[in-house]
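S.K.: What follows is the residue order along each chain.
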Amino acid sequence: MALIEIRGLRRVYTQGEFTIQALAGVDLDLDKGEFAALMGPSGSGKSTLLNIIGGLDEPDGGAVRIEGRDLATMSASARADLRRNRLGFVFQAYNLIPVLTAIENAEFVLVLQGVPADERRARATKALADVGLAGLENRLPNQLSGGQQQRVAIARAIAPQPALVLADEPTANLDSKTSHELIELMRTLNREHGVTFLFATHDPHLLDAVDRVVRLVDGSIAEDRTRAGAGA
Amino acid sequence: MVLRLAVRNLWRNTRRTALTVSGIAIAMALMFTSMSIENGTWNAVISAAIQSSAGHVVVQAPGWQVDRDAELVVARGTEVQHALARVWPDATVVRRTFLGGLLTSPTGSSSVSLEGVEPALEAGISLVDDRVVDGAWLSDDDRAIVLGDRLASTLGVGLGDKVVFMTQVSGEDMQSRLYRVGGLLHTGVEMLDSFAAFATVASTQELLPGDDPVHQVAVVWPAIGRSRVDIAPAVQAMDGRTDVEVLPWNRALPMLEEQARLDGQFSKLMYGFMGLIVAVGLLNTVLMSVMERMKEFGVMLSVGMPPGKLTTMILFEGAILGVMGGVGGVLLSLGPMWWLHTRGLDYGELMADANPAGAIAMDPVLRAQPDPSQMAVLVGIGVVMAVLAAAWPARKARLLQPIEALRHH
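Chains as they are written, first to last, in my numbering: chain A, 1 to 232; chain B, 1 to 409.
Next up, chain A with everything else stripped away, as it sits in the complex (with noise of 0.2 Å):
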């Protein structure tokens, strides 16, 4: 069974007198462990497709799957708890709760999910050296680079051990350089501990690190390619 399971996907946007197809019809699977990417030009349904597998977006037709649960019978309360549970996210603005320091963002979603105080502390304080903060972790948002920022977001992310972490442009936002070490640091995230990346991006960086790239165009796939050994 593939960890993700999309058939059909539809979703159509409309302002005023105008209805823009978002997605028209996408077909997709994602497997455990898999590093892909959605590509597209802005407008081609990257962002929308993510959204509705995050369960933060409805589609008008169509059915997603995540590990075999369909989204469209589960209520708000249950794809919050999915969310929680199951799901990592990462932003392009990085997101972060600006009061909390950067562990505490890092177990935010640990608090939530209901960890004890010293497991939810440790696996944070793991997660946030996994991402290179170590020492860094009493900072508060406003303390640290845009890059530092974004590695506590993905600290945050795989901290709960999620099944899927979705990411809308991680890198949209950072230089090159930085953008480069996060790219490698989730690669090993993969790697090493298996987790599995979603993407949507049109950093080249990031497309040439990933194992799969989908290409949307006007809300449909045009291209799905996998690529053996990608970013090796």
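A hint or two may mislead.
Unchecked claim - Calculated cross-link-like contacts (lysine-lysine; reagent style DSBU-like; alpha-carbon spacing at most 30 Å):
hint	chain 1	residue 1	chain 2	residue 2
1	A	Lys126	B	Lys309
2	A	Lys177	A	Lys32
3	A	Lys126	B	Lys295
No wet-lab data here; the hints were simulated from the structure.
Add chain B to chain A, keeping to what the hints say.
M.R.: Same frame as chain A, now just chain B:
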């Protein structure tokens, strides 16, 4: 975590939080101070009224409370007084008479209210004797009378001059009694200074029908203020007498209690309006702070925060503002209340017109009396109002769709 987030969210915009808390604290401090003055005023007025015009418990003839008819007397007043003194040995038990009539002198006359008192006992519980400005308070001399200074002026009399008190008790013939002015008092209360006179109860009994007649036997505890006393022991001590009734002070002074109650309700209404204004300010603050954090809420919801926790966090923020404002209000009010308690406000000349109890001799310096339990209740109400003010913004956040919130700028 939710509480920690709430505290830090408030801390992140210290200026706004400080201004909001200051607003609540100042409003609370004003309410506490105003309430303590109100408490002090009413306690002083009612205590003075209880001690000089009634008692914590009074024994009177049935109907006298309403009619104030001079013929409605309690017979064998001394017997009643001794019975009550046996029940409450720690209290002061006094006999009184109240007669309306005409006081005449060689040069004038005036209507007057003559109160017959036991001079030494009355001096222990009432402030009237302290207001004697010329001559002396009553002694055992049944010929002496103490007049309000304005009354004396109207009559054109001074110390040692003779005056005649004339009265008619029910259908009896007009009766009169000669007194000699022994003292003049000035209370600042128009009704007392112009129309009041005091003589010994024994001298006035000569004008009343019956055996050892009095209009009132009053039991007073000077130290207990306006507290209420169970009258059951007094009823029992009357041993089934049907010619007397026993009343607690609030029934003996019903107008005063009603006036205090109405005044209290009006104040509550004012405090309610003030609270509402503060709550609207608070609502604005919390709403602004929620609108500013829409995207942040979107992130929290995206990573799986249950909407209920988001609501709780915002309600906590309201509650914390309320608690800080309440505590700040208590701290801010301590200074003014301490000053008003120790120094007091001298109503002086205002007393004549403003005395809510009418003709009562009382200390013109009114002192604030803070009531910690009342303040605690008000802080509690403040916190509840703060939480209610945060409820709408909290609901707004609860209904957020994560994707919409994430798109918020």
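S.K.: Please go over all the hints and tell whether each is borne out by the structure.
M.R.: Verification of the hints:
1. Lys126(A) with Lys309(B): 27 Å, holds
2. Lys177(A) with Lys32(A): Answer holds: Lys177(A) to Lys32(A) is near 29 Å, not above 30 Å.
3. Lys126(A) with Lys295(B): 28 Å, holds
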